[in-house]
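Q: These are the residues of each chain, in order.
There are 4 protein chains.
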Amino acid sequence: MDAIFEATIQVLANDGLIRLNTTRVARRAGVSVGTLYQYFPNKQALLFAALERHLAILAIAIEKACDENLHSTLEKIADAVVKAYLRVQMAQAEISPTLYRIALEFDARELLDLAGRRSAEAIEAALSTASDGRFADPGLLARTMTAALYGTVPAFCHRVLSPVDGREAEKQLTIMFRSYLVAQQSGTADVERKDANGAGLQAG
Amino acid sequence: MDAIFEATIQVLANDGLIRLNTTRVARRAGVSVGTLYQYFPNKQALLFAALERHLAILAIAIEKACDENLHSTLEKIADAVVKAYLRVQMAQAEISPTLYRIALEFDARELLDLAGRRSAEAIEAALSTASDGRFADPGLLARTMTAALYGTVPAFCHRVLSPVDGREAEKQLTIMFRSYLVAQQSGTADVERKDANGAGLQAG
Amino acid sequence: MDAIFEATIQVLANDGLIRLNTTRVARRAGVSVGTLYQYFPNKQALLFAALERHLAILAIAIEKACDENLHSTLEKIADAVVKAYLRVQMAQAEISPTLYRIALEFDARELLDLAGRRSAEAIEAALSTASDGRFADPGLLARTMTAALYGTVPAFCHRVLSPVDGREAEKQLTIMFRSYLVAQQSGTADVERKDANGAGLQAG
Amino acid sequence: MDAIFEATIQVLANDGLIRLNTTRVARRAGVSVGTLYQYFPNKQALLFAALERHLAILAIAIEKACDENLHSTLEKIADAVVKAYLRVQMAQAEISPTLYRIALEFDARELLDLAGRRSAEAIEAALSTASDGRFADPGLLARTMTAALYGTVPAFCHRVLSPVDGREAEKQLTIMFRSYLVAQQSGTADVERKDANGAGLQAG
DNA sequence: GATGAATGAGTGTTCATTCAT
DNA sequence: GATGAATGAACACTCATTCAT
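Protein chains in written order, with the working numbering: chain C, 1 to 204; chain E, 1 to 204; chain Z, 1 to 204; chain P, 1 to 204.
Worth flagging that the hints you see were computed from the coordinates, not collected in a lab. Virtual Cβ for every residue (Gly too), placed ideally from N, Cα, C. Honestly, I wouldn't trust all of these hints.
[As the list claims (entries may be wrong)] Selected chain C positions facing chain E (in silico; Cβ < 8 Å):
#1 Ser96
#2 Pro97
#3 Glu105
#4 Ile175
#5 Gln184
Given only the sequences and the hints, what does the whole structure look like? Please build it.
A: Here it is, written out as structure tokens:
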């Protein structure tokens, strides 16, 4: 039932994870607990579904941004990726910290990995076709960027709720990503020279 | 009792946050629940104490790294900060994701803010005395770096457990930080030009 | 569930207030604790409900006695009120002291006030229509009588359990009430002459 | 230790019976729990001691009032007894309801009986020597008066805290007691004629 | 005699899950 | 398929009492 699903999100936003229980979700959805358990085997499944959808929205946004920037410049790619990610996070600011709590509370490694992999692949595709640069290992860069993006933002997004602060975050992150890409491309950093073919961060 | 404290960390590492309850912690510490409650007023206080200690160790490590790199080059500062942060996180890899779960579960904003502020101030001091560069707003850079560091690593550190992966993470993060600092200093990024006096990310 | 309600009364009578706990009540009612908490939000509510019912029975008994004695003589009114009150108390002799313990343990002032007010109003109505007397302030008398009745009996009813002792109590109380009413009506008491318009005891 | 005893009264007045625990009492007395348990075998003994003292003060006050009114008139005896009882209750208004809670909570029948018996005996002595009346059974009257006094007042004294209300209570009770005595003496009440030699209320 | 840290049974309350209707 | 009453294990926390120092 889609109503149950919506109710989960609403309860999460209004009452928080601790006060979320199956009865409350069912009541909000206008059904009985029994019905809820006919659609979701248990509470965890319910929460995972909510997290899964949030991550899917995120991945789709990044994929779209990358698709629209194939054959574009590095600058534009970096800008688009950061902007796309932050747009979604800001729009779901109410629940996204809670969703990350779910990811930690239960072991949602797979879910995070999947979303991370989709994003990293999309970014890699964009970087590989960039009009103004080539990389030894675009996949490494893509995974690192994804890790930084998925890691940095949510941990702080409960502190970056206002549009103003969100804007600042976007600018600084954009600068960081752009300069990272440029640094890796030109190969001027000592460290990079030695380790360009390392595994990098696992995106996810 | 220090045994209670140690037991909390152990239970957190072995059983996870959901399965952590006061009785279990007490039993592991070899004392009774009553004794536990003589040292900690409630469960939250117990968990906050664990988180607080972890964050203090982090902040101290970064402060030390910065103090040792006053009047140093930007490269060395970036290297030292990243290395210091990761050293601590890798050493506490078992529990640090769980500790961050605590921070989300209960509202530990203050604790995080304090640690973030200490780190940002130390980094700012180092950047301000850098031998090879001046910044319009070193505080902004310091806060952004802190945010990126504190945000990126813990969300993924349960995935970056092995020393090998830890090394890779260190390299990529170092490149990112170095190039970010250089980009901000030289002022070549379009975005930066427009927004150099923005407030940036709130570190914490 | 009515079984839960009955069980509360039984546990109160057999084990006393200190040994009454939700689990015991539930077991006695033949249900689980969870079920109990579906009908009563918490322990206090459970106990208040028991007290409330007892007080309602009392108030109804007095109201009925007064209604049946409108336009009757003072003697008959006094007799009827005392008899009605004592009938109920004797019938619930097992639990009524315990119920008063509840009233003291938690703050049940409102509940007591309500029952007292109902009784006082009924008595006032009867006194006002008495065929053989007029009073300056029938409300004052009614409130004082209520206070004396509600106060005197329960504090001692665990000592006045047997029908024999109950009978004695009834006689003495009846004499006291009758003579009080007569004294107030004829105005022969010195004290009364000075204070006939005082506020009297708050019934409840 | 007398300090422990005082502390019990204070904690009872400030924190109430529910929040009274041995540790708190000991701390307030400036001693350790261990010391407390050297003077009182358990918590109940501690509370009984407090109740005992309160009841003793009450009994002494009534005894004194009666002693001063031997060979006096019925009116004066009634006045003196009511006044003496209320004086003590009003003076200890803060704790007396709580003390009665103790009496109900634990089984303090003996303690109450003792105080009641002392009061009843003193009243009987006064009534027996009254200059203006003789009674078939002064002991019965004395016990009934004690029961009414001990019963009526405490149940309502938490509602009759202000001196003003206390005064009103005193007046009405005095009228009731006086007229009761007069009624019994003259033997005009129908009920009384039949039952003058009944056992009456057990004073306590 | 005094101390106070340690004990652990006991309490109120919650909530995921089941299953008879 | 839908319901929601019933379940009962689990948990945070308290406090009377003990006993080694």
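Q: Would you mind marking each hint as holding or not holding in the structure?
A: Outcome of the hint check:
| no. | hint | in the structure |
| --- | --- | --- |
| 1 | Ser96 | violated, 11 Å |
| 2 | Pro97 | holds, 6 Å |
| 3 | Glu105 | holds, 7 Å |
| 4 | Ile175 | holds, 5 Å |
| 5 | Gln184 | holds, 7 Å |
In summary, the structure is inconsistent with hint 1 from the numbered list given earlier, while agreeing with all the others.
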